[in-house]
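Novice: For reference, the chains in residue letters:
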Amino acid sequence: MAADRSAAELEHFLAERADHLLRTAVLLTGSKEAGEDLLQTAVERLLRRWRRFDGDPEGYLRRTLYNLATDGYRRAGRWRQKERLLRTGLRPTQDATDDVDLRDALVRLLLQLPVRQRAVLVLRYWEQLTDAETATVLGCAEGTVKSAGSRGLARMRELADDWSDTAAMCGQWGNGS
Amino acid sequence: MNNDVESLLHEGMERFTKDLRAPAGLIRHAAQRRRRRLALRSIAGSVAVLAAGAVALVAVVVPGVADNPAVASASVVKRVDKALSAAEPGEIAQVTVTTRAATEPGAATKTTTAQEWSYGDQWRSVSYSSAGHLVYDEGSSTSSVYTLVSYPTRTWARQRDLGRPAGLARPSKPVVGGHPVRNLTVHPGPGILGPRGCEPTSGAVRLLLQPGLPGLGFSASAPPKTAAKALRTAISCVIFAVAGRDRVDGNEAIELKSRPGSLITETIWVTPGTDLPIRVVVRSAAGEPAFRVTADIAWLPPTTQNLAKLTVTIPAGFRRVSLAEAIGLTVLHLQGPLPKRRPLPKRICLPADAGTTCQH
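Listed in order, the protein sequences are those of chains R and Z.
Going by my numbering, 34 is the number at position 34 of the first sequence; the sequence numbering is gapless.
Going by my numbering, 160 is the number at position 160 of the second sequence; the sequence numbering is gapless.
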C-alpha cells in the first residue's frame with residue numbers, strides 16, 4: 001500500500017533530477033521552451049498522483065516525457081521547430097572545428113527525424129539504455145526499437161559521410177587556391 | 001565509423017543541452033497549469049453540453065472552478081454581457097421580484113412581490129402587498145411621463161419629465177413629517193466599494209430590486225435603468241464564478257455565484273442557449289437582517305400585447321392628486337399605523353435628490 005508522499009519529497013527529487021530530465025525533454029522537442037513545457041506537463045501528471053504514487057518517479061517522468069513526445073505532443077510547434085532547423089541549415093564548414101560542427105549537425109539532424117526514431121536514439125545514446133530497456137520505456141517491441149534506431153543511425157551516417165566528402169573537397173579547394 | 005557516429009551523436013547531445021537548468025518552481029507551475037486546465041475543461045464541457053442541447057441535468061459543481069473562478073467566469077460573464085447587450089434594445093425584460101425581508105435580525109420576515117417590465121426608455125412596476133393585494137402601479141412612458149397609481153388610497157398622479165429612478169437604490173431615507181420612514185423592504189446593509197469605479201453598493205444586482213416605496217430616487221439626469229442595463233452593471237461590478245448547473249422552472253441553467261465573504265450573496269442563473277439571465281437571487285449573510293430577493297426574468301418579444309404591459313392603467317373612479325400627495329399617501333399606507341406619540345405629518349418631504357420639492 002502506498003503511503004502519502006509529501007510535496008517536499010517531490011521537490012527534493014526534482015532538485016536533483018530536473019536538470020537531466022529537462023535535457024532529455026529538450027532533445028525530444030528541439031528547443032528549450034518546448035522542452036520546459038514538456039517537462040512541466042510531465043511533472044503535472046506526476047503531481048496529480050503524487051500523494052499515492054508508489055514507484056520510481058524518474059522512471060515515471062521519463063516514460064511520460066517519451067510518451068508525450070511520441071504521441072504527437074505539441075504538434076503545432078513542430079513546424080516552427082523544423083522551420084528553425086531549415087533556417088539554420090546543415091552546411092559543413094571548412095575550418096578546424098569540423099568535428100564539433102559535425103556533432104552539432106548530427107543533433108540538428110536528430111531533431112528532424114520522426115519522433116519515434118528520435119526517441120529511440122535519445123534513449124539509446126543519451127540515456128544509454130539497451131534496446132530492451134528502450135522498448136520498455138516506449139512500450140513497444142524490441143524489434144521496433146532496433147529497426148527505428150537503425151533507420152535513424154543510417155541517416156546520421158549518410159550525413160557524416162557527406163560531411164567527410166565535403167570537408168575533403170573543401171580541403172582540396174582550399175589547397176588549390 | 002559506426003561507433004564514431006554514435007559517440008559523436010552522444011557528444012553532440014551533451015553539448016546541445018549542457019547549459020540547461022530546469023526552471024525554478026516546477027511544482028508550483030505544474031499545479032497552476034493543472035488548475036487552469038481543469039477550469040478551461042469545465043468551460044469547454046459547458047460549451048459542448050450547450051451544443052448538444054443536453055437536457056439532462058445533474059447539479060454538479062464544476063471541478064477546479066472553485067480554485068480559479070476568474071478563468072471560468074471570464075468567459076461565461078463575457079457571453080452574458082454580450083447577450084444582454086444584444087437584448088437591450090430588442091426585447092422586453094419582464095421581472096417578477098419576490099422579496100422576503102425582516103426589518104431587523106430575528107424579526108419575522110415579510111414577503112412581497114412586484115412585477116416589472118423595462119424596454120428602452122419605458123418601464124413599469126406593479127407592487128403587491130404580502131397579502132397579495134395591489135399596492136401601487138408606477139411607470140414611465142416613452143415621452144418621460146411618470147404615472148403613479150396608489151391602490152390603497154384610490155388615487156393617481158402624473159408628472160412630465162420626472163426622469164428615471166436612479167438605479168432604484170435609495171439615496172437616503174424618505175422623511176415624513178420630519179421623521180425618517182423606516183425601511184419597509186430590502187436593506188442590504190453597509191456597502192462595499194465595487195471594483196472598476198462601481199457604485200459603493202452591496203452589489204449591483206440590487207439595482208433590480210424594488211425600492212419598496214414609489215417615486216423614490218428619481219433623477220432627471222439618470223440614464224434609463226432597464227433590467228438589461230442593471231444586469232450588465234451587476235456582472236461588471238461583482239465578480240462571479242461558475243458554480244455549476246441547475247434547473248430553473250424546469251429549464252437548464254448555468255449558475256454564477258458571487259464570491260463568498262461579502263455581506264450579501266448574489267447568484268445569477270443564465271440560460272445556456274441564449275446566455276441571458278433568467279433568475280437572480282440576492283440574499284443576506286448570516287447575522288444581518290434576513291432578506292432574500294428573487295428576480296425571475298423573462299425576455300419577451302416587443303409584440304403589441306407585450307408592449308401593452310408597459311402602460312400604467314388608471315382604474316375607473318380613482319382620484320387624481322398631486323404627485324407628492326400620491327407618494328406621501330402611499331408611503332403612509334405602507335408604513336402602517338404610526339406610533340401614537342408620533343403626530344401625523346403636516347408636511348411631506350422627499351429626499352433632496354429625489355427631484356421633487358417639499359410640499360407644505
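If you're looking for bench data, these hints aren't it; they were derived computationally from the structure.
Be aware that one or more of the hints could be misleading.
Partial selection, computed: residues in chain R whose CB lies under 10 Å from chain Z [claimed, not checked]:
1) 19
2) 55
3) 59
4) 63
5) 102
6) 103
7) 125
8) 126
9) 129
In the DSBU-like style, the derived pairs of lysine-lysine whose C-alpha atoms are separated by at most 30 Å in a straight line are [claimed, not checked]:
10) Z:78 / Z:229
11) Z:309 / Z:110
12) R:32 / R:146
13) Z:18 / R:32
14) R:146 / Z:18
15) Z:309 / Z:82
Don't be surprised by glycine CBs; every beta carbon is placed ideally from N, CA and C.
Novice: Starting from residue 309 (chain Z), check that the Cα of residue 110 (chain Z) is at most 30 Å away, please.
Specialist: Measuring from Cα to Cα gives roughly 27 Å; hence the hint holds.
Novice: Going straight from one Cα to the other, do residue 18 (chain Z) and residue 32 (chain R) come out at no more than 30 Å?
Specialist: Since the Cα atoms of residue 18 (chain Z) and residue 32 (chain R) sit roughly 12 Å apart, the hinted pair holds (cutoff 30 Å).
Novice: Residue 129 (chain R) was flagged as interface toward chain Z. Is the shortest Cβ-Cβ separation under 10 Å?
Specialist: Violated: closest Cβ of chain Z sits about 12 Å from residue 129 (chain R), beyond 10 Å.
Novice: Mind checking the alpha carbons of residue 32 (chain R) and residue 146 (chain R) for me, to see if they're no more than 30 Å apart?
Specialist: holds, 28 Å
Novice: Under 10 Å is the threshold here; is the Cβ of residue 126 (chain R) close enough to any Cβ of chain Z for the hint to stand?
Specialist: holds, 5 Å
Novice: Hint check: residue 146 (chain R) vs residue 18 (chain Z), CA-CA at most 30 Å. Holds or violated?
Specialist: holds, 28 Å
Novice: Checking hints one by one. Is residue 103 (chain R) an interface residue toward chain Z, by the C-beta closer than 10 Å rule?
Specialist: Nearest chain Z Cβ about 3 Å off; hint holds.
Novice: Against chain Z, with CB atoms and a cut of 10 Å, does the hint on residue 19 (chain R) hold up?
Specialist: holds, 5 Å
Novice: May I ask you to test the interface hint for residue 125 (chain R) with respect to chain Z, counting a Cβ-Cβ separation under 10 Å as satisfied?
Specialist: Hint holds; residue 125 (chain R) Cβ to chain Z Cβ min 5 Å, cut 10 Å.
Novice: Please check whether residue 102 (chain R) passes as an interface residue: C-beta within 10 Å of a C-beta belonging to chain Z.
Specialist: The hint holds - residue 102 (chain R) has a Cβ within 10 Å of chain Z, the shortest such distance being about 6 Å.
Novice: Below or equal to 30 Å on CA atoms is what counts here, so check residue 78 (chain Z) against residue 229 (chain Z).
Specialist: holds, 14 Å
Novice: Hint residue 63 (chain R) vs chain Z: min CB-CB distance below 10 Å?
Specialist: This interface hint is violated because 17 Å lies over the 10 Å limit.
Going through the hint list in order, the structure does not satisfy hints 2, 3, 4 and 9.
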